[in-house]
Amino acid sequence: MKIKKIQNLHWKIPAGLMVLLMIFLQLVPFYITLAVAFKPKTDLSSRWMIPTSIYFDNFLTAISRGRILTAMLNSLLVTSVAILLICLLGAFAGYPLARIKSRFNKIVLMTILGVMMIPPLSVLVPLYSMMNKINGVNTYWGIILIVTTGQLPLSVFLYSSFISSIPVELEEAALLDGCNYIQIFNRIILPLLKPVTASVIILTGIFVWNEYQLSLYILSSPAKRTIAPAIGAFFSQSSSNLGAAAAAALLGVLPLVVLYLFLQKYFIKGMIDSALK
Amino acid sequence: MEQRKGWLSQLFFKKEATNILYVPALILFAVFTFYPLIYGLKISFTNWNGYSQNYGYVGFLNYIELFKDKYFLNAIKNTLIFGFGCTIFQQIIGLAVAITLDHKFFGRNFSRIVIYLPVLVSPVIMGIIYYLFLHYNYGALNDIVVLLGYERIAWLSKENWALIAIVIVNTLQFCGISMIIYLAGLQNIPDMYYEAAKIDGATDFQAFKYITIPFLYPAVITSVTINLIGGLKLFDVIKVLTNGGPGYSTNSISTLIDITYFNAQNAGYASSMGVFLFAMILIVTITLHKVLKKGEVEV
Amino acid sequence: MKKSLLLVLVALIAVLMTASCSSSGEKKIEFMTGTGVDTPLFALYETLAKEFEAKNKNVKIELIPSSTNHEGEVKTRLASGDAPDIWMTHGWSKGRYAEYLVDLSKEKWAKDLQNGLKPVMLGKNGELYAFPIDLDIAGIIYSQTALDAAGVSIDSINTWDDFIAACEKLKAAGKTPLAVAGKDRWPTGLFIDWIAPGVMITQNSKEADLMSGKFPVAEWKQTLDVVAKFRDKGIMNKDYSSATNNDIAMGLAKGDVGFTMCMNFVAMQAFELKPDAKIGYMQVPVMSANDKPYYVIGEKNALGIWKDSKSLKEAKAFISFLAQKDNLTKLATSVGSPAGLSTVNVDLKQLTASFERSTKFAGQPYFDRVFMPNGAWDAIVATTEGVVLKQMSIDEAVAKMKSEYEKLYNQQK
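Top line first, the protein sequences correspond to chains G, E and R. Per this note's numbering, the very first residue in the first sequence carries number 574; after that it's consecutive. Per this note's numbering, the very first residue in the second sequence carries number 33; after that it's consecutive. Per this note's numbering, the very first residue in the third sequence carries number 78; after that it's consecutive.
Read the hints as simulated data drawn from the structure, not as lab findings. C-beta atoms are modelled at their ideal positions from N, C-alpha and C, and glycine is treated no differently. Some hints could be false.
What follows is a set of in silico ranges between Cβ atoms, one per label pair, in the way DEER data are often shown [as the list claims (entries may be wrong)]:
| hint | chain 1 | residue 1 | chain 2 | residue 2 | range |
| --- | --- | --- | --- | --- | --- |
| 1 | E | I70 | G | R676 | 22 to 30 Å |
| 2 | G | W621 | E | I120 | 27 to 35 Å |
| 3 | R | K127 | E | A311 | 49 to 57 Å |
| 4 | G | K614 | R | S470 | 38 to 46 Å |
| 5 | E | L179 | G | K614 | 20 to 28 Å |
| 6 | E | I70 | R | G102 | 36 to 44 Å |
| 7 | E | G88 | G | K614 | 44 to 52 Å |
| 8 | R | A439 | G | L598 | 50 to 58 Å |
| 9 | E | I70 | G | F677 | 18 to 26 Å |
| 10 | R | D239 | E | G91 | 48 to 56 Å |
Stretches of chain R that chain E covers, calculated by requiring three or more beta carbons in the stretch to come under 8 Å of a beta carbon on chain E [claimed, not checked]:
| hint | stretch |
| --- | --- |
| 11 | 144-154 |
| 12 | 252-262 |
| 13 | 316-322 |
| 14 | 325-339 |
| 15 | 457-470 |
In silico DSS-like pairs for lysine-lysine, Cα to Cα no more than 30 Å straight-line [what the hints assert, rightly or not]:
| hint | chain 1 | residue 1 | chain 2 | residue 2 |
| --- | --- | --- | --- | --- |
| 16 | G | K679 | E | K325 |
| 17 | G | K674 | E | K325 |
| 18 | E | K100 | R | K479 |
| 19 | R | K402 | R | K185 |
| 20 | E | K109 | R | K467 |
| 21 | R | K315 | G | K614 |
| 22 | G | K674 | E | K46 |
| 23 | G | K614 | R | K331 |
| 24 | R | K484 | E | K100 |
| 25 | E | K47 | G | K674 |
| 26 | E | K190 | R | K315 |
| 27 | G | K679 | E | K46 |
| 28 | R | K402 | R | K195 |
| 29 | R | K298 | R | K479 |
| 30 | R | K306 | E | K102 |
| 31 | R | K467 | E | K102 |
| 32 | E | K230 | G | K842 |
| 33 | G | K842 | E | K322 |
| 34 | G | K767 | E | K322 |
| 35 | G | K679 | E | K47 |
| 36 | E | K322 | G | K674 |
Given the sequences, and given the hints that come with them, work out the whole structure.
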């Protein structure tokens, strides 16, 4: 029996109302998106009005003109490779930073945290020039390395916090058994990282999937475009197609929703197990 | 990595040798972040227009200009409002919802999913949807206002309303992250502590203050760090919700950099803003981190 | 588990490698269209590019739709020395991009350039830096439905005082008299492009001063005074700073908005929302009854070729292909403007009457593109916006504008 349970009724009612209000607030934008996506451009009725007939043209426009399906494949490719790199390099870097608390390492950790704060726009032009020189513009590897670098700090931060919480005794015992630190990392630390990895994947994966500012420039070719710039292409300075953009946005968020529903249990469990220390 | 007894293997009996593991990450940062950043630093001493091949050096002129520029000073203020405003609201909402959803009740899972859902949506899209929601003539909110018999309100045309709108939109979108982090933290608190507290006759509030909060400390650090950085870097939402308007009054440093760089063709000046922003966020976060870490030790 | 992960990784890398290969001997033309992905113009570019590729087997054309920041995308590319082969010059082929573009004046189609575009697009020695698909003739866009409701006739509006009087009638009839897309920012600057010619050119002839670095303080003040009148009479849209051109198109379509000062794409957007909307564009009023109203003329969808393009010959051939009579007819029709070359006549559909009316008036170029130094646009927008929002007094705005003008003028020399 959980004692934590709120026993007094006078807590229950406001708490319940608050959750209901939050659910309502969070569903409103989705309702509006659905309403916009299923209405033709010429339907000028209120955003609250339910579409009067089933209208799929916006979705067809999103797919045929906006090439949303290609964009989703591109995003899938970029996101999966980037996540793999983010997790691997993050776990690697997290280990020494958690275990060796030298002055230098503290500076390294702070610097990495600092990198997390650089607004993408302030590095755009030099970054683009450099990518152009090394033929990285309009390539998957170019954007993958860029978004990986962008999300790596968060990953390092989470991994090093988590590793700090693992007792050192295990490693000391292994050291006595004749393992070197690489073997310790491989055999003892890595297997323990599953839960925090789940958190890293979900937290950084979403940002990578939705990355807009840099992808817009690095992947200008429509064949290589990822999902966010593909949706953005429905807005230009002298025109915009809200319906098609809404339809594209719904299609674009669908894989994430499915994945989230599917992984939700592991995700929260991962968060709990990782204890976020 | 089998038991090879070569010099390499010997080397890794030294703990310090594992430092090599963060080298790949540092290389990535060096190439894709520090190099462009240093280039930006160089540009900040020029009068470059952002696309031409020629420019001249102007020394510290751009930096001196920064502190005389009322748009820039206002953008600093806004950046701090977005950073701290969003962080504070996200912690309050995230924690309150997490505590409620920590209890078993009908629809708990559904609630968790729905409240987290907006996190999955790209901020650009979220901004556009809320723009439709807050729109003056055709917005969903004003439809209700009119229905209730009031005059339409130009939500995004008044500086204060617009600032609040940006904070609320970003808070609502990302409070799911705080909720999940706190939910995880809460589930890690052993029930026995609450039981003990109850036996000692502690009130709900006392239990919250002396058990929940200290145990959640690590979660607070993570959640605050993620949210604060998100808030200070805020860009997409501002761009689509107000575009910095009315006038320049809701620009953050990021959006002001965008305007200065591309529209005003003053890349040198924009770069000096970028350097300033980086320094500012770094100082704010490191200070906050130190304060929070201190709190942890005291617990 | 680990093995399957590894397999996935290998497969992904394989995809990456194959995807980044391209066949050799192929000439690529990268074309930044500056238009949204689902516009009729973009669709037409696609069709024509395919036709061109079919005729020229070694050429591959890559069309790039634009985001809301076409200008930023072009500038980033220019800054990196990696400009696209062709890009839409959004009114700046001569004023800003000339040093990066190829002179096209020797091309066959160049001799047919519309007369109206000559003063705007041709350089000192007759250089032409872009191929104009259409001619941008703009005035004040109006909704006939709204004007009818207020009993206003466009023929009676010759001065700004007439215009304000008409707006007050519209206001009394419950309409939004003058809507401007403040959120998009740049439309606010059009106040200057629309009003300034009447103050500084037709009335006070300040062209020589402007070109020689003398900022006309009194005239600029007079121009902003008109804007301030719009503000003080309460005839502007209440949601000025959060409105976009899209919203104004909607207002025009519904007949809620009386006037707006913008290019005709706003009217075209309104027709998309309501195909039978009664919308037109009228002459721009002037300061005094002795003067004559005018229209504003400029380049809109004009395409320039990068001077360092690796596919220069092919890009020129593609442009010539677009300039062919039937292709240009289709292109200009899709944007609803008269064509940029005099050889082509376009059916302007709902805007035909307005266009015919415009031929009876004089044309003025976009004021800032001709008389202001490159880079002044943002200051124009910012100061005018400051006046509209009362965040700046007129004197402050003029002073700021003067210092920007002088700074940029000296840089340009």
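Each hint, compared with the structure:
1. E:I70 <-> G:R676: 22 to 30 Å: holds, 24 Å
2. G:W621 <-> E:I120: 27 to 35 Å: holds, 31 Å
3. R:K127 <-> E:A311: 49 to 57 Å: Since K127 of chain R and A311 of chain E have Cβ atoms about 51 Å apart, the given range 49 to 57 Å holds.
4. G:K614 <-> R:S470: 38 to 46 Å: holds, 42 Å
5. E:L179 <-> G:K614: 20 to 28 Å: holds, 25 Å
6. E:I70 <-> R:G102: 36 to 44 Å: holds, 40 Å
7. E:G88 <-> G:K614: 44 to 52 Å: Cβ of G88 of chain E to Cβ of K614 of chain G: about 49 Å, so the range 44 to 52 Å holds.
8. R:A439 <-> G:L598: 50 to 58 Å: holds, 55 Å
9. E:I70 <-> G:F677: 18 to 26 Å: holds, 21 Å
10. R:D239 <-> E:G91: 48 to 56 Å: Cβ of D239 of chain R to Cβ of G91 of chain E: about 53 Å, so the range 48 to 56 Å holds.
11. 144-154: Result for this restraint: holds, n = 6.
12. 252-262: holds (count 4)
13. 316-322: That given contact holds, which follows from 5 residues of the stretch 316-322 of chain R lying within Cβ reach (below 8 Å) of chain E.
14. 325-339: holds (count 3)
15. 457-470: With 6 residues closer than 8 Å to chain E, the stretch 457-470 of chain R meets the three-residue bar; holds.
16. G:K679 <-> E:K325: Since the Cα atoms of K679 of chain G and K325 of chain E sit roughly 14 Å apart, the hinted pair holds (cutoff 30 Å).
17. G:K674 <-> E:K325: holds, 15 Å
18. E:K100 <-> R:K479: It holds: about 18 Å lies between the C-alpha atoms, which stays within 30 Å.
19. R:K402 <-> R:K185: holds, 12 Å
20. E:K109 <-> R:K467: Judged against 30 Å, a Cα distance of about 21 Å means the pair holds.
21. R:K315 <-> G:K614: holds, 25 Å
22. G:K674 <-> E:K46: Status holds; Cα separation ~14 Å.
23. G:K614 <-> R:K331: holds, 13 Å
24. R:K484 <-> E:K100: holds, 17 Å
25. E:K47 <-> G:K674: holds, 11 Å
26. E:K190 <-> R:K315: Measuring from Cα to Cα gives roughly 10 Å; hence the hint holds.
27. G:K679 <-> E:K46: holds, 19 Å
28. R:K402 <-> R:K195: holds, 20 Å
29. R:K298 <-> R:K479: Roughly 11 Å between the alpha carbons, so the hint for K298 of chain R and K479 of chain R holds.
30. R:K306 <-> E:K102: Roughly 26 Å separates the two Cα atoms, so the pair holds.
31. R:K467 <-> E:K102: Distance of about 15 Å is within 30 Å: holds.
32. E:K230 <-> G:K842: With a Cα-Cα distance of about 27 Å, the restraint between K230 of chain E and K842 of chain G holds, given a limit of 30 Å.
33. G:K842 <-> E:K322: Cα-Cα ~29 Å, so holds.
34. G:K767 <-> E:K322: Since the Cα atoms of K767 of chain G and K322 of chain E sit roughly 29 Å apart, the hinted pair holds (cutoff 30 Å).
35. G:K679 <-> E:K47: holds, 16 Å
36. E:K322 <-> G:K674: holds, 16 Å
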